[in-house]
Amino acid sequence: MSTTIPAVKCKDCGTPHPKGIAACPACGSMNLEDYEAKGTGSIYTYSVNTFVPMGKHKARAPYCMAVVETDDKMRITAIVEMPDADTAKIGDKVQFKAYEDKLTPIFERV
Amino acid sequence: MREVYIIGAHETEHGSFKDKNFRHLIADAGNGAINDAGIDRKEIQALYLGNYNGNGLNSQNTMAALAATSIGMPHAATLRFEAACASGGVAFRNAMIAVGAGVYDTVMVMGVEKMNIPPEELPYEDQMKAALSGVDYLYEAGSGMNGSTMFAMFAHRHMHEFGTTRLQLAQVAEKNKYHGSLNPYAYKQREIPLEKILKSPMIATPFSAQEVSLITDGAAAVIITTKDRAKALGKKNAVKVMGSGHGGASFSVAFRAKHTESEATIAAGKEAYKMAGLKPSDISVAECHDCFSFTEIMNVEDLGFTEKGKGGFFAAEGHSRLGGKLPINTSGGLTAKGHPIGATGVGQIVEMTWQLQDKSDKRQVKDAKFALTHVLGGPASVSTVHILGRGDI
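Order-wise, the sequence lines are chains A and B. Under our numbering, the final residue of the first sequence carries the number 110; numbering is consecutive throughout. Under our numbering, the final residue of the second sequence carries the number 393; numbering is consecutive throughout.
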């Protein structure tokens, strides 16, 4: 069974979101419930960060930063690990691994 | 609403200045605008300031009061506007509303940003953190995304959906570098051949180092007033503010519905065109937010200069180059003139004012009748559009 993503879901409009919100960005409702989003999905859009002169991800560059759309339609900004980041493309299938430093969702290309 | 006129405009040279702090930039822009207007500074009732990062980069908040005091007008009512890269545009719009509503007769709108700071004054890590504070920290900046990545994600989606090419992106940058080469106020006054732009090292794919806006020190100021006051002053070349718009879109890149357009720009444009009673084809010259090469492609679509998906062809076919049907970013834009963040929106108004006053020298657009300015702040989430016309004083 694949790893799921800790998330919340709006009980009013049904939109899933990564954890951290206090109200639903889609409808404003505070009626949220804990939710395990699917860990499988694909790259909706991306960029390969090549110039990273400082910061916690410096050693990782070049890395693929992506908006991932999970199979249950949650969008999340994340790093997608792959052997050669330059081969990243829209539609690549990805699998959630874990949160790093509480802020950075890490996926890997499958 | 009362009609509003621009009677004074000035901006500083743009660059990375070791010997100029934000006080020098404020003094140059503010006094330049007052001199251009030919009024006594005591007449200026309020100062509306665009400034993004005084607190983060310069250890200075309440920058509007400081700016007024710095140029001998401590009496002015002051307020600072922060909307990331749209700060200056938002400041101008609100000043226009205040004069239009009759709250004030004469207001100075200024924008300032001092971005090049020696590391011994503020470590680069802290500078980077301050620069990224206009991006959602919890969901995006904290996970490794920066300004380049953000717009690069829009670019890749646009390329995927519409077939926009890397070459078309570079052609936008080449055009703006050329315009910058004609502007004595620009940070980079040098043409860069297309080949070199394409071969420059990548910053965040698909953007090379020649396709990103510049970390710039600069300030700009304009003075606006009523038609009656402009008439009394005999300001025959006063520029009329014809339209203004201000739109919003999601602050989160991940949560937004589309990555090929900015709903903020579309809404701001519609509002401004409606107020001016004009349509996109009436515009003679424009400054629009090229924080990255691609952003201009998205903007020309969102502002209605071409249809959605065709923006890549607009610069490629020469339409937005000086001499084309709608020259865009005659100043060189953010990638050549530079991007002192809080000043950019006001600097665009200065550039377009000069175009409508036939003061633009080598980059003058002949018989320019209506000019448009457009800024985009945060993840394409705050936008203002202004339309200016030749005065009828």
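Worth flagging that the hints you see were computed from the coordinates, not collected in a lab. Just so you know, not all the hints are guaranteed correct.
Below 20 Å or equal to it, Euclidean Cα-Cα: the simulated EDC-like pairs (lysine to aspartate or glutamate) are [stated by the list, open to error]:
| no. | chain 1 | residue 1 | chain 2 | residue 2 |
| --- | --- | --- | --- | --- |
| 1 | B | 236 | B | 358 |
| 2 | B | 227 | B | 13 |
| 3 | A | 56 | B | 125 |
| 4 | B | 258 | A | 108 |
Hints, verified against the model:
About 13 Å separates the Cα atoms of residue 236 of chain B and residue 358 of chain B, which keeps this hinted pair within 20 Å; it holds. Our distance criterion of 20 Å between C-alpha atoms is broken by residue 227 of chain B and residue 13 of chain B, whose separation comes to about 30 Å. This hinted pair checks out: residue 56 of chain A and residue 125 of chain B have alpha carbons roughly 10 Å apart, not beyond 20 Å. For the given pair, residue 258 of chain B sits about 24 Å from residue 108 of chain A by alpha-carbon distance, which is inconsistent with the 20 Å threshold.
In this structure, the hints that do not hold are numbers 2, 4, in rising order.
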